[in-house]
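Q: Take a look at the letters that make up each chain.
Number of protein chains: 2
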Amino acid sequence: MVAPEINMPPRILLGPGPSMVDPNVLKAMATPLVGHLDPEFLGLMNRTQSLLRYVFETENQLTVPVSGTGTAAMESAVANMVEPGDPVLVCCNGYFGLRLADMAERYGGEVETISRPWGEVFTPDEVRAALEKRPAKIVAIVHAETSTGALQPLEEIAAIVHSYDAILIVDVVTSLGGISVGVDRIGIDVCYSGSQKCLSCPPGTSPITLGPRAIERLQQRKTKVISWYLDLTMIQKYWGSERTYHHTAPISANYALYEALRLVQEETIEKRWARHRENAQFLWDGLESLDLTMHVPLDYRLPSLTTVRVPDGIDEARIRQHLLSDYNIEISGGLGELKGKVWRIGLMGYSSRKENVLLLLAALERLL
Amino acid sequence: MVAPEINMPPRILLGPGPSMVDPNVLKAMATPLVGHLDPEFLGLMNRTQSLLRYVFETENQLTVPVSGTGTAAMESAVANMVEPGDPVLVCCNGYFGLRLADMAERYGGEVETISRPWGEVFTPDEVRAALEKRPAKIVAIVHAETSTGALQPLEEIAAIVHSYDAILIVDVVTSLGGISVGVDRIGIDVCYSGSQKCLSCPPGTSPITLGPRAIERLQQRKTKVISWYLDLTMIQKYWGSERTYHHTAPISANYALYEALRLVQEETIEKRWARHRENAQFLWDGLESLDLTMHVPLDYRLPSLTTVRVPDGIDEARIRQHLLSDYNIEISGGLGELKGKVWRIGLMGYSSRKENVLLLLAALERLL
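Residue numbers (this note's numbering), protein chains in the order written: chain A, 1 to 368; chain B, 369 to 736.
Some hints here could point you the wrong way.
[Claimed, not checked] With a cut-off of at most 25 Å between alpha-carbon atoms, the simulated SDA-like pairs for lysine to any residue come out as follows:
(1) A:K339 <-> B:G608
(2) B:K722 <-> B:A642
(3) B:K395 <-> A:L358
[Unchecked claim] Which residues of chain B face chain A? A few of them, derived with a C-beta cut under 8 Å, are:
(4) I374
(5) P377
(6) M388
(7) P400
(8) T439
(9) M471
(10) Y597
(11) T601
(12) T616
(13) A617
(14) P618
(15) I619
None of these hints come from the bench; they were simulated from the model. C-beta atoms are modelled at their ideal positions from N, C-alpha and C, and glycine is treated no differently.
Pulled out of the complex, with its shape left as it was, chain A reads as follows (with noise of 0.2 Å):
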């Protein structure tokens, strides 16, 4: 059989990710390749440094993105935090955190969990508690639950975290780009993301950033990281002064990953900050006016991914089914503990447009 061309349909993508792409990072991906060690692109990784810099609010030095989608940043601050044998807390409050601890578990951590519902976040006197009763090395925490909409707060958290000696561990794969994350006025030691959520670029970079607490630990390691792919102190070799090869750099998908930062720096980022809260805000009102009900308290809610509850009596594949098919339109049905309660909505970088919002309600209007 003789492969066809690829044509795929124009889709608005939104759903809790890849978010949709601005034709500028498209056309920056298809940027003829240079060498994985020429000047020119060891010149691209430091401007790209200092971008991820800037949108992670820090000034860590270990700022990098790994070559890999946001799966692979949360395995690389756990496999290169957690060694076998250490206690390590997960806050669990959607699937994500579960993801934190199997992946914690794998690396040979002595995993106890929290829990809270799906859709609920966790105060700080349960952390408190949790470490009162059992010591960790380190704790894991998502601020943004892309499985669940809620946005958890860390300011507090962090604080406690820290006068228990532990190192914390955040995943902001949904809220990079898109809320402000704070990574050294908050203190959170590892920070990972991902690039096809709120910054706009094709899946396959992740960025993370590990502050001193985190660096210091990575030095006094008694064993190697087990991954090899993964592991940051062969990592910075090459990112840092001495350019040791370890992998080679996916190319187009950093071209890609500067472009979309490059944006994120022209537009400004309290700027985008507020257009997703915007943009979210016009979404929950068209929402509530067809009768629908949110999952998550606006109090917590996550700007750049909303769960609402289907209806009762309403199939809500077959309504997901009608968007795509008749107007091009992906949202997404719930994971897990959500499975078949709510669609989720993404509203993340170039998809968080007033546009699309009017789009989505328009259909949802006359497919409910």
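Dock chain B against chain A, hints included.
A: The following block gives chain B in isolation, referenced to the frame of chain A:
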């Protein structure tokens, strides 16, 4: 500082990878995104798997691109096959053999190595003797050593490995798409590659295929695969009929891989092997005319990557710098044992063209 737009020089990539990318592949990569569970994307995934089987010369069902560069596929092979305590034999005659040994140790393997000087290959008897001395559950070897330019014959070694009831892992990073790898014919159990060599696709995805013995081993594991991101027991459910979400596939990189494979099919794999061989011969003849000596004897010299010895009294780095700055040509220096002793010239995929060879020879003639 305002980040400037991307402005890369038009490099002629004749190093060990990435190779140059066909403009059609760049164009495919600039296709707007669809979701990773979009029915149109799932169709593309199926067609990609068929094309990967074509280039791997296999019928293996579990044939997928790993979402990372070649090293990620190498690690996937090791991580999925090796369980803590497993005896592993790694054949080291270059940099990538050493990397395999390091990885296998990190995943808890009891690693023994056999060695050959860089640029030589192993005889079947050497592998047999090593297995006779200490049986291994897994044997890993490199087909095309990117660090040395040697092409390892595999037929007899595969038979020996199987006679000891071991699994054979073969690295075909620098051969797939340029030289026959014959997965089914030879009986390779786990075979992996990169996209950025003879397939001429940007780095970012890395093909892997598992045969029946490897699948059986995977199913009989007593422990979870330590790497969550590279765990094929889960990844196969996304690429299989279940379509279970694992991680967000790098959509654009998969577009690129598909188009690159489609171009291989259009050319036919047999003509592509012949082209790599012919252009390599043209290069070797030309280098000999310049009184240069190939590091690897013709019998097991790799057509896709040539190591040529640096003549006495020549500053090898200066020559490379001039090639790059005066003529936009990238070649590479030696790694490890061969550092400072050889240049590495790649003629892979789209880079394997007569005009590139002629230009490089003309430039070298002026500079030497």
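Q: Now tell me, hint by hint, if it's right for this structure.
A: Hints, verified against the model:
1. A:K339 <-> B:G608: Status holds; Cα separation ~21 Å.
2. B:K722 <-> B:A642: holds, 13 Å
3. B:K395 <-> A:L358: violated, 31 Å
4. I374: Since the shortest Cβ distance to chain A is 5 Å, the answer is holds.
5. P377: holds, 6 Å
6. M388: holds, 7 Å
7. P400: holds, 6 Å
8. T439: holds, 4 Å
9. M471: Holds: closest Cβ of chain A sits about 5 Å from B:M471, inside 8 Å.
10. Y597: Status holds, d = 5 Å.
11. T601: Where the cut-off is 8 Å and the nearest Cβ of chain A is about 12 Å from B:T601, the hint is violated.
12. T616: The hint holds - B:T616 has a Cβ within 8 Å of chain A, the shortest such distance being about 5 Å.
13. A617: holds, 7 Å
14. P618: With Cβ-Cβ at 4 Å, under 8 Å, it holds.
15. I619: The hint holds - B:I619 has a Cβ within 8 Å of chain A, the shortest such distance being about 6 Å.
In this structure, the earlier hints numbered 3 and 11 are contradicted, and the remaining ones agree with it.
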